[in-house]
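**Student:** Line by line, the protein sequences are chains A and B. If you use our numbering, the first sequence corresponds to residues 1 to 602, in order. If you use our numbering, the second sequence corresponds to residues 603 to 818, in order.
These are computed hints drawn from the structure, not numbers from a lab. Keep in mind that the hints are not guaranteed to be accurate.
[Said to hold, decoys possible] Within a straight-line C-alpha distance of at most 20 Å, the following computed EDC-like cross-link-like pairs (lysine to aspartate or glutamate) qualify:
id, chain 1, residue 1, chain 2, residue 2
1, A, 187, A, 31
2, B, 703, A, 31
3, B, 702, A, 210
4, B, 717, A, 416
Everything numeric in this text was worked out from a predicted model, so none of it was measured.
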Amino acid sequence: MSDVAKSPVVGIDLGTTHSLVAFCKAPGKPEILPSLEGERLVPSVLYRESGEWRVGYAARAKRSEPSAIAISSIKRLLGKKLADVAPFQNTLPFAVDEDIEGQLQVVVGEERFTPIELSAVILKFLKDSAEKSLEREVTRAVITVPAYFNDSQRQATRLAGRIAGLDVLRIVSEPTAAALAYGADQKKNGVFAVYDLGGGTFDCSVLKLENGLFEVLSTHGNTQLGGDDFDHAVARFAAERFSRDLGFSILDREDLRGRFLNRAEQAKKALSDSETTVFDFIVDGRELSFELSRADLRTLAQPLIQETLRSCEQALTDSGVAKESLTDFLLVGGATRIQAVREGVADWLGKLPNSSLHPDEVVALGAAVQASILAGETQGVLLLDVVPLSLGIEAYGDVAEVLIPRNTKIPAQARESFTTYVDNQTAVDIHVIQGEREKASLNRSLARFKLRGIEPGPAGFSRIEVRFLVDADGILQVTAKDLKTGKLQSVEVRPTFGLGPERIATMIESAMANASEDFEHRRWMEVRTKAEPVLRATEARLIDARRLLPPEEFESIALKTREMRAAIEAKDAEKTQNYKYELNSMTVRLAELVVKETLSKR
Amino acid sequence: MIACDFCGTEYKPGVDSPLEAIVCPNCHAPRAIDSSQPNFFAVFGFKPAFGLDETALARSYYAFSSALHPDRFSASGNPAIIERASDWMSLVNEAYQTLKKPADRRGYLLELLLKDAPKSKPPLPVELSEEWFTIQDLLMDDLDAAMRALKLFSEKITSENETITRELQSLEREWDQSAESAVLSKMNDAMKRQAYVVSLARNVERTQQTMTGANQ
Numbered sequence: 001m002s003d004v005a006k007s008p009v010v011g012i013d014l015g016t017t018h019s020l021v022a023f024c025k026a027p028g029k030p031e032i033l034p035s036l037e038g039e040r041l042v043p044s045v046l047y048r049e050s051g052e053w054r055v056g057y058a059a060r061a062k063r064s065e066p067s068a069i070a071i072s073s074i075k076r077l078l079g080k081k082l083a084d085v086a087p088f089q090n091t092l093p094f095a096v097d098e099d100i101e102g103q104l105q106v107v108v109g110e111e112r113f114t115p116i117e118l119s120a121v122i123l124k125f126l127k128d129s130a131e132k133s134l135e136r137e138v139t140r141a142v143i144t145v146p147a148y149f150n151d152s153q154r155q156a157t158r159l160a161g162r163i164a165g166l167d168v169l170r171i172v173s174e175p176t177a178a179a180l181a182y183g184a185d186q187k188k189n190g191v192f193a194v195y196d197l198g199g200g201t202f203d204c205s206v207l208k209l210e211n212g213l214f215e216v217l218s219t220h221g222n223t224q225l226g227g228d229d230f231d232h233a234v235a236r237f238a239a240e241r242f243s244r245d246l247g248f249s250i251l252d253r254e255d256l257r258g259r260f261l262n263r264a265e266q267a268k269k270a271l272s273d274s275e276t277t278v279f280d281f282i283v284d285g286r287e288l289s290f291e292l293s294r295a296d297l298r299t300l301a302q303p304l305i306q307e308t309l310r311s312c313e314q315a316l317t318d319s320g321v322a323k324e325s326l327t328d329f330l331l332v333g334g335a336t337r338i339q340a341v342r343e344g345v346a347d348w349l350g351k352l353p354n355s356s357l358h359p360d361e362v363v364a365l366g367a368a369v370q371a372s373i374l375a376g377e378t379q380g381v382l383l384l385d386v387v388p389l390s391l392g393i394e395a396y397g398d399v400a401e402v403l404i405p406r407n408t409k410i411p412a413q414a415r416e417s418f419t420t421y422v423d424n425q426t427a428v429d430i431h432v433i434q435g436e437r438e439k440a441s442l443n444r445s446l447a448r449f450k451l452r453g454i455e456p457g458p459a460g461f462s463r464i465e466v467r468f469l470v471d472a473d474g475i476l477q478v479t480a481k482d483l484k485t486g487k488l489q490s491v492e493v494r495p496t497f498g499l500g501p502e503r504i505a506t507m508i509e510s511a512m513a514n515a516s517e518d519f520e521h522r523r524w525m526e527v528r529t530k531a532e533p534v535l536r537a538t539e540a541r542l543i544d545a546r547r548l549l550p551p552e553e554f555e556s557i558a559l560k561t562r563e564m565r566a567a568i569e570a571k572d573a574e575k576t577q578n579y580k581y582e583l584n585s586m587t588v589r590l591a592e593l594v595v596k597e598t599l600s601k602r
Numbered sequence: 603m604i605a606c607d608f609c610g611t612e613y614k615p616g617v618d619s620p621l622e623a624i625v626c627p628n629c630h631a632p633r634a635i636d637s638s639q640p641n642f643f644a645v646f647g648f649k650p651a652f653g654l655d656e657t658a659l660a661r662s663y664y665a666f667s668s669a670l671h672p673d674r675f676s677a678s679g680n681p682a683i684i685e686r687a688s689d690w691m692s693l694v695n696e697a698y699q700t701l702k703k704p705a706d707r708r709g710y711l712l713e714l715l716l717k718d719a720p721k722s723k724p725p726l727p728v729e730l731s732e733e734w735f736t737i738q739d740l741l742m743d744d745l746d747a748a749m750r751a752l753k754l755f756s757e758k759i760t761s762e763n764e765t766i767t768r769e770l771q772s773l774e775r776e777w778d779q780s781a782e783s784a785v786l787s788k789m790n791d792a793m794k795r796q797a798y799v800v801s802l803a804r805n806v807e808r809t810q811q812t813m814t815g816a817n818q
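Take the sequences, apply the hints, and build the full model.
**Tutor:** Okay, structure coming up:
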C-alpha cells in the first residue's frame with residue numbers, strides 16, 4: 001500500500017458554482033489538476049441517474065433538460081437548517097425538506113440527501129481527478145471555505161471531506177488562500193486587501209505579507225451574498241418586464257424557474273463583454289425579449305455592491321489600516337468579472353483594484369500552497385490566521401460573554417472565571433456560542449454541556465473557570481473546572497448536524513472501502529492500458545528475436561513476456577508495471593537490429 | 603544542559619536571543635513553557651515598560667511565529683510536538699496582541715506591577731455621575747431638552763477621556779524613567795476613572811440610539 005505519511009496533500013476549492021483541485025509539484029508552485037472530464041473547472045453540479053452520481057459538466061448539461069433535476073449551489077445549504085434557507089428557498093432549483101431530527105435534506109426524486117453528503121460527492125470527484133492526474137492515492141487535503149463561514153459550516157465541510165475519504169488537514173478561508181497564491185508567486189511585502197465575491201458568498205480580508213509570513217489582520221463578510229444574487233436581481237427585473245405581456249411572473253412558475261435563472265446568468269455574463277445583450281425567453285410557445293444594458297445591470301447591482309463595500313469598511317476598521325495605505329487591493333471570485341462590480345470598487349477605493357489574478361483558480365492554487373506547507377514541502381511560507389467570529393459563552397441573563405474576540409490570532413487560549421449565582425447550585429450549564437451579538441440567544445449555538453458535582457453552598461461560593469482553546473485549525477475545545485473541587489468537564493466542539501455518530505461512521509466506512517477499491521481499479525486500468533501494447537509488440541517480435549539475438553538473450557525476453565502475461569491475468573499492477581519497464585529496456589537492442597535488418601533489405 | 607523532550611539531544615540553551623533559549627538546536631522543537639508562565643514582556647525578551655518599540659515587537663513576533671507555529675511541525679506527524687508548539691504559539695499570540703496596543707499594554711503592565719499592592723478605591727468623578735442622573739430625570743420630562751443635554755454631555759465625556767489619556771501617557775513616561783511606585787498608584791487611579799468614563803460614554807451612546815429610534 002502507499003505510504004500514507006508521504007501521500008500528497010492537495011488543495012481544494014469547493015465552490016458554490018464550481019470547484020477545483022490543485023497541487024504543488026514543486027515548493028510554492030501550485031498548479032490546477034485536470035478533472036476526470038479533462039477540464040480545469042468542475043461545475044459544482046450533481047445529477048442522479050439510475051443510482052449513480054454524475055458530477056461536473058456532464059451534470060450541468062442536464063440542467064437545460066426540462067424534466068431533469070440537477071442539484072447545484074449546495075454550498076448555500078451547508079451547515080444550515082431549513083429555517084436558515086427559507087428566505088431564499090424559492091431561488092433553489094430543487095426541493096428541500098427536513099427530517100424528523102430537523103436535519104436539512106435535498107429531495108432528489110424518491111431519495112433524500114443531506115447537503116454534506118452531496119458536497120462529499122463533489123469532493124470525491126475531485127479526489128478521483130487528483131488521483132488520476134497524480135497517479136497516486138490521495139487521502140489528504142486542504143479545503144477552502146468563505147472566511148465568514150461559521151463553525152457549523154466549517155465542520156460540515158470537514159465532515160463532507162471525511163465522507164469523501166479525505167483527511168482534511170486544514171480548512172482555509174478563501175480570501176486568505178487567494179493571498180497565499182498571490183504572495184507565494186509575487187514575493188511582495190505590504191498590506192493587502194482581498195475582495196472575494198464568489199457565487200454565493202462575499203468576504204473581505206486584510207493581510208500583511210512580510211517575507212513569507214501571511215498575517216491575517218482582519219476579515220469580514222456576508223455568507224448570503226454572491227454572484228447568484230446578481231443573477232436573481234436580473235431574473236426579477238426580466239420577470240417584471242415580461243409580466244406586462246404575460247400577466248404573471250415567470251418566477252412564480254416552478255417549471256420555468258430553473259431555466260429562467262440560467263438565462264439570467266447568461267445575460268449577466270454577456271454584459272461582461274458587451275454594452276448590451278438581448279434577453280430572450282420562450283414561455284408556453286411565446287417568444288419574449290427585451291434589450292438589457294450594462295446600465296441596467298449597474299442599477300440592479302448597486303445595492304449588492306454597496307453591501308460588499310460596507311463589509312470592506314468593517315474589515316479595514318478592524319485591521320486598523322486605512323484604505324489609502326493598502327499596497328494593493330485584490331479582486332477574486334467569478335463575480336468580480338462583472339463590470340459594475342469593478343467600477344463600484346474603483347469608485348470607493350479611489351483607484352483601480354488589481355484584477356490580474358485568475359478569479360476562478362487563485363483560491364484553489366492558494367489551498368495547494370497551504371497543503372504543501374502542511375506536508376512540509378514548502379518552507380519559509382507560513383499563514384498566521386485568525387478566528388473570523390467571536391467565541392464565547394452565555395452568561396446569566398442571556399448575555400454573550402466573549403472569551404475570544406473575532407480576529408484573534410490562532411492558536412489562541414482564554415480563560416474566564418464565573419461564580420455560582422443560586423444558593424446550593426450543584427451544576428452549571430455551559431453554553432458555547434459564536435457571533436457578534438450582545439444577546440447570547442441571537443448568536444449561533446455551538447455546544448452545550450453541564451459541569452456537575454459542584455459543592456453546595458451560598459450563591460457565589462464556588463468559582464468555575466471556563467477555558468477556551470482554539471488550535472491552528474480553528475477547532476475549539478472548551479473546558480470547565482470547579483476551582484474548589486478541581487472537578488473538570490471538557491468538550492471538543494464538533495457539531496454532528498443531526499447525523500448520528502453511527503450514520504457518520506457508516507458513511508465514512510463505505511466511502512473509504514469504495515475509495516481504495518476505486519483507486520486500485522483505476523490504477524490497474526491505467527497500468528494495463530499502457531502495458532498491453534508493449535507486451536503485444538514484443539510477442540510479435542519473438543520470431544525476429546530468436547533469429548537475431550543470442551539464445552540466452554532471446555530466452556530471457558521470452559520468459560519475461562510469459563511472466564508479464566501471467567501478471568496481467570492476475571491483475572497485478574505492480575508486477576505488470578515493472579515487467580513493462582524491463583521489457584522496454586531488454587528489447588532496445590532487438591529493436592535496433594530489426595531496424596538495421598529492414599534498412600539493409602531495401 | 604537540558605535534554606530535548608523529542609529528539610533527546612542535550613543542549614545548553616542559547617543566551618543570545620530569547621528564541622534560541624527555547625528551541626532545540628537539533629530538531630527545532632521548543633522546550634516546555636515554565637510552569638510559572640513568563641510575563642508577556644519576558645516572552646520576547648523585553649524589559650517591562652509602558653513605552654515599547656513597536657517595530658522591534660513586530661519583528662520579534664514574526665521570528666517567534668516562524669520558529670514556533672505548529673504548522674511548521676505539521677509534517678513531523680508527532681502530535682506531542684504540535685501540541686507543544688501550539689501552547690507556545692497561543693502564548694506568543696496573546697503576548698503580541700496585548701503588547702501591540704498601547705492601552706492594552708498599559709492595563710497589562712499595571713496589573714503585573716501592582717499584583718501584590720493593596721487594592722485602592724479611587725474617588726470617582728462625582729460631578730459626571732450627578733450630571734448623568736439629572737439627564738436621566740430630564741428624559742422623563744422633556745425629551746428634546748434631554749437630547750440636547752445628552753449631546754453636550756457626550757462631548758464633555760469625550761474630552762474628559764482624552765484628558766485622562768494624556769495624563770496616563772505622561773505618567774507612563776515618568777515611570778519608564780524613574781520606576782517609582784508612587785507613579786503606579788496614580789496611574790491606577792486614572793485607569794479606574796477612565797474605565798468609569800468609558801462605561802458612561804457607552805450608556806450615553808445607547809440612550810441616544812434608543813431615543814432616536816423611539817422618536818422616529
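**Student:** Tell me, in ascending order, the numbers of any earlier hints that this structure violates.
**Tutor:** Number 2 only.
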